[in-house]
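Student: So the chains spell out like this:
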Amino acid sequence: MIEGTSTGAATDLDGNFTLEIPDETCNIAFSYVGYDTYIKEYNTRNADSFRRIVLQANTTELADVVVTGVYERKKESFTGSSATYKGDQLKQVGSSNVLQSLKTLDPSFKIMESTQFGSDPNRMPDIEIRGKTSVAGLREEYGTDPNQPLFILDGFETTLETVMNLNMNRVASVTILKDAASTAIYGSKAANGVVVIETKAPARGRLQVSYKGDFSISFADLTDYNLMNASEKLEFETLAGVYTDGNGDPFNQVRLDNLRNDRLKNIARGVDTYWLSEPLRTGFTHKHNVYAEGGEDKIRYGIGLSYGNTQGVMKGSGRQTLEGNIDLIYRTGKFQFSNKLTINYLDSENPAVSFQEYANANPYYTKYNSEGGIDKYLYYPEEGADDYPVSNPLWNASLNNYDVSESFGFTNNFIFEWFIQDYLRFRAKFGITKSDDDSQTRLSPLHSQFDDLEDTEKGLYTHSLGKDLTYEGDAAITFGKLLGGKHMVNAVGGFNFSNDRTETFGYSANGFTDDRFGAPSFANNYPVGETPDYDLNVQRAASFYINGGYAYDDRYLLDFNYRLDGTSLFGTGNRFRNTWSVGLGWNMHKEKFMEGTDFFQMLKIRGSIGNPGNQNFSSYRAFTTYRFNGWMTNIFGTGVIVNELGNPDLGWQETINTDIGADITFWGNRINLTFDYYWKDTDPLLAIISTKGSMGVSSIAMNAGAQKTHGWEATFKISPIYRPSEGINWNISLNATSSRSRYADIGNSFSQLNEEGKASLSGTTRYYDGGSPTAIWAVRSAGIDPATGQELFIRKDGSYSFTYDSGDETVVGDTEPKIEGILGTTLYFKGLYIGCYFRYRLGGQVFNTSLFQKVENIGTEDVYNNQDKRALYDRWSATNREAYFKGISLVQTTDKSSRFVMDENTFTGESINIGYEFPDRITRKLKMSALSVQMTMNDIFRVSSVRVERGTDYPFARSISFSIGMTF
Amino acid sequence: MKRNITYLLAILTATAICSSGCSKWLDVQPYDEIAEEDLLSTEDGFRMLLNGIYIELNDDMLYGGALSVEMIELMGGAYALGTDDSVWGNYNDIASYSYDTEYWRTRFNETWDKAYSLILDCNQLLSAIDSRKGIFSGDNYYIIKGEALALRAMLHFDMLRLFGPVYSRNPDADSIPYYTEYDGTAHAVQPASTIAAMVLQDLSEARVLLSVDPVRTEGTGLDGPGAGATDTFLYYRSLRLNYFAVSALLARVNLWTGNRTEAFKYAMEVIQAGNDGIFPFVDRASVSGSPDDPDRIFSSEVIFALSHSQRATLFEDYFDPSRLPNYVFTMEGGLFSNYIYGGIGTGGSLYDYRYLANWRTTGGNSYFYKYSDMANSGNIRNTMIPLIRLGEMYLIAAESQSDDIASGLQYVNILRDSRGVDPLPSLTADLLQYEYIRELYGEGQLFFMYKRMFTRVLFSGTASGNPGPSDEMFVVPLPQSETEN
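If you're matching them up, the sequences are chains A and B in order.
Each residue of the first sequence is one higher than the last, beginning at 1 in the numbering used here.
Each residue of the second sequence is one higher than the last, beginning at 1 in the numbering used here.
Simulated coverage check for chain B against chain A, where a stretch passes if three residues somewhere in it have a Cβ under 8 angstroms from a Cβ of chain A: (1) 25-33; (2) 38-50; (3) 114-123; (4) 172-184; (5) 304-316.
Calculated Cβ distances over 10 angstroms to all of chain B for the following chain A residues: (6) Ser354; (7) Asn369; (8) Trp395; (9) Asn396; (10) Asn412.
Hint data in this document are derived by calculation from the structure and do not stem from the laboratory.
Note that CB positions come from ideal geometry on N, CA and C, so glycine has one too.
Between the sequences and the hints, there should be enough to build the whole structure, so can you do that?
Tutor: Structure follows, in structure tokens:
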């Protein structure tokens, strides 16, 4: 088609075409359904370059459709709050997994950083969309993370593990559903938001083979560690009185003096061991994916095979995945059958010695003895001395320990569709997932943990086996028709059922007599008094749902959802639950008064309200169950007693979710603004509450109080340079999110947890009405009194006191930042692509546990561990009265005060990437149809206003990866 | 089009049919645990639940230790303790009534939680049994319900005796909560008199239900149903809270609340059953005839005992002299030789069957052998931990016949006669207490006796070594699990 004229031509089957063109400069537009229109200037001399025109598949189209997994709706006429990201976009940001990339792209999707487990590749993260809906800190009681969103893969519910393991190259799009209008179709599972993932369907055409390879190296980020060197540590120990006998025993004093002199000599000799590097390595990760696809109108097929080997930054930590998938689509007349089969295998291993133990080792010890061997103990006290031996982490790590697991499973999803009319469609789905996993750990009998045990009880082997079978079926009718030219009506109604059966077995054995022979057959006993573990959990659900959408003239929009859910989780008194939502929208840019200006490409205002629920709870809470009191039988036989008391009236936890938002696009698609303000009121909360002993049970599941969250999120995107026709595009984006939560009506339900928190060394979370789940509770501190060196506390009434009283606790900070988001920029220049994403977190506080536990509160046992450098400096003494920290002491305990609460502002280089798509002339020479390369750096730097040790058991990692994609 | 609609309707109908079974399908019963619906659908299930409660009474925190030979007897002054803090520290704390130590707070907490968890089991049984009356054979419905009510009353009563006020001084002081059902809420503590009334009500109802108890006609059946028979349910009645055990408890509770008339009435009912041969006094031959194999717990006189399959551990853990010097509980020497089994005008004698059967003196020290096994190892008597015995009924009768204790002499002397010792010339409260010590030593009743009578606790033969009486020593503070949640 020649622009500005009606002259055009269609291609034949092979794509050849003839077009008469005027003998002057003109623009020729090439278009095809599903592909971007390509406009090329003809200037009478470049006819040759028209020999081959390759259209780009239309990628923006996907982003304009909201895929909810149950139905699809045009984004423009949808009133819900959602965000869609294409597979390529996710891949550009990072190659580790879908979730890590989503975190960088969407402000409301958060992966909770674990300061304990760092970048452990085998650790499942905690994920939240728009904050928490359940009581924080009760994860263990609930079994699973109660704030985890629902994951839908190709229309079927799936697990976090599956999403983590999913090969990113298979992903077509990911949609995050955030508000009630978009999530309510998932009813009682939707309160935490929904992540909908669609994998690619095989493309039509001749057989096409593609290869994608990802190679990355990762290395530990230890910048947050601030440990003492050998002489600092010895000086600290000396000041702390380690080398002074408390009772004035002259013999022991001589021993201590000798010990110190030995260590001094070693230091003088140059001993200053850096232990942290010992368990670490540069992790090399490589992933390969081959996919063959093709087919014609009736049958399309795709066969894929991928392998991934991820090495963690700690030695002995890694993960291997092997996945095969077969996608088939068969279409005949009005019927379409599609089937996706995925088979996966995973094996993983974890290090036997945690990073912490290396961080604890003192720098004045040497790693190896004079013969170059590894000693079991870094220090072993003389006969009669009142010290503890210090074990060598290298010794424990050198033993024949293992901690491995493997899993094998398959998923088969079958979809039948019947296109009854162009406006009416019936679809039935059935999916089945089976997975078995098997994990084994073994600690060698020589491990220092077993020092105090008899030889016949040393070593420990544990084995656990899990079997999981899930099936889900769904039948739905979809209707969509434009009536009378202006009334667009969409409707979906359906029925869904699911069954999830999880069975776990486990046992342990001990009594290994040799390090080297680690097979469980060499164990001699079972640990005394232990019984096999067995757990069977069956959850069933059945639901009816209906969704309707109505748009008048594309201007006034209405969506509603209703779902009736029944689940075996809840008691007979509360088995079924209703979920509803209503959304309204107004496309102002389609209004008459906006006609004439084409300044706004989109100006939509929308709002929604609904009550999605949450059922991330373990089953049988609603039933009373009994167990055998197996320890004794009598002449009357066996007996049973109550095992767990059910609450048949347990109410579903539900969240009233209200959202108002706007989507604005203007200046020729160059500026894009999305804003949402939301309220999430969870009422009632479901919690495990400790009860009075006289109730006969220590805790019961009950409904208690409410949690109210409100927040906003905004995305601003501008394209200072926007020339799609030339393939040049520069975007700058800034997104931000902020939310605040508080408890209401919880009364004294959590008083036990509050008391435990007060009594614990460093627990700063409390549960009070009006308090935030992320608030830091501690007594305010006026600092260290220069005269006495004691900490001066500020009481509730504002007066000062040297006495710590947990009753004076107030909120002294909040770990939730005031504002958090991503600043990003992307530049496309022909085939070249550069992207940078930086995360900022501002206005939050943190309770600095490094200062609290590794500077002060170093007890008589902790003093033998290496400590933070700050433990030596800035300590109060008669000569340094203005110090921030108390004097060095082993017996003084420091209480939780605001002195350790610090403002935390961070800035992280989350993803920096550069890619290049080779032009056709090169790919053709290489006999390929496409070739691309990419380099990505993840978490490459992090700047923070607080220095606190992160990654105590497993360090955080930085990574650089290279990807290559080839299609033949 | 028409055909399409027909298909569609067919699919919808099929869906509707599938979904009608929905509720049933959603009713998933656990497999790795026993669901209440499964368990309590048969008489056997009820029997198992009831037996589960009896078995759990043997828990260390209840009558398998703390409330029989250990904690409660330490509080009752039964044992002479050493001074070595590493061995005896915690025991010295409890013997000096220092309840507010970390160790004892936890211990009382555990006892409390365990007792109430069994009360919960009783309530679960009781709340289900009435609607399923039809599944029971014979009189078993009455027996099971009666025993469960009695167990609930007994556990509440012992918590009341332990944590409640000294009843004779403060009957209306707040004591403990009483649970007659589980309703998902915590019940408030109530005055001791209210709790006692509820205990009495449960016991009275139990006694009516248990009027069909075969113990009244067939005896205790302690020798079992005979070879080959497997259903033991209506035998071994003295291992269950039988009809007479409930009467005995009624006597005990009424004595506690100061209702002498009722106490006397019920004590006499049980004494009559003893005279009728249901609980005969122990034969001289079986306690002193063959010294190696005495019936040390006087099993025929036991009205209610627990059956603890490892009862020998009580002896091994607390009384076996071969354990020296750790934790060997023995009576203080002066108390032993000058008051209980010796002395002038105390009624003490070394010919007392209770000495002959329960004590052994070596090297000048006497050791307590009540819980040492009989030679016949499979004997059911070797599992018994007596909780109520006939002798106590005579002592209750002596104390409750009138408000003049001296007139109770005849009851004490009947008991003494059956123990092979001379009658007392007259009776005083002190002499009655010595008799209590002889009869019930190591059975967890002494502390409650002193608390009831509000007298000093006899730790030793030296008056200065016997503390009290005071509310501080007799009233144990409510555990933290109750006050802090």
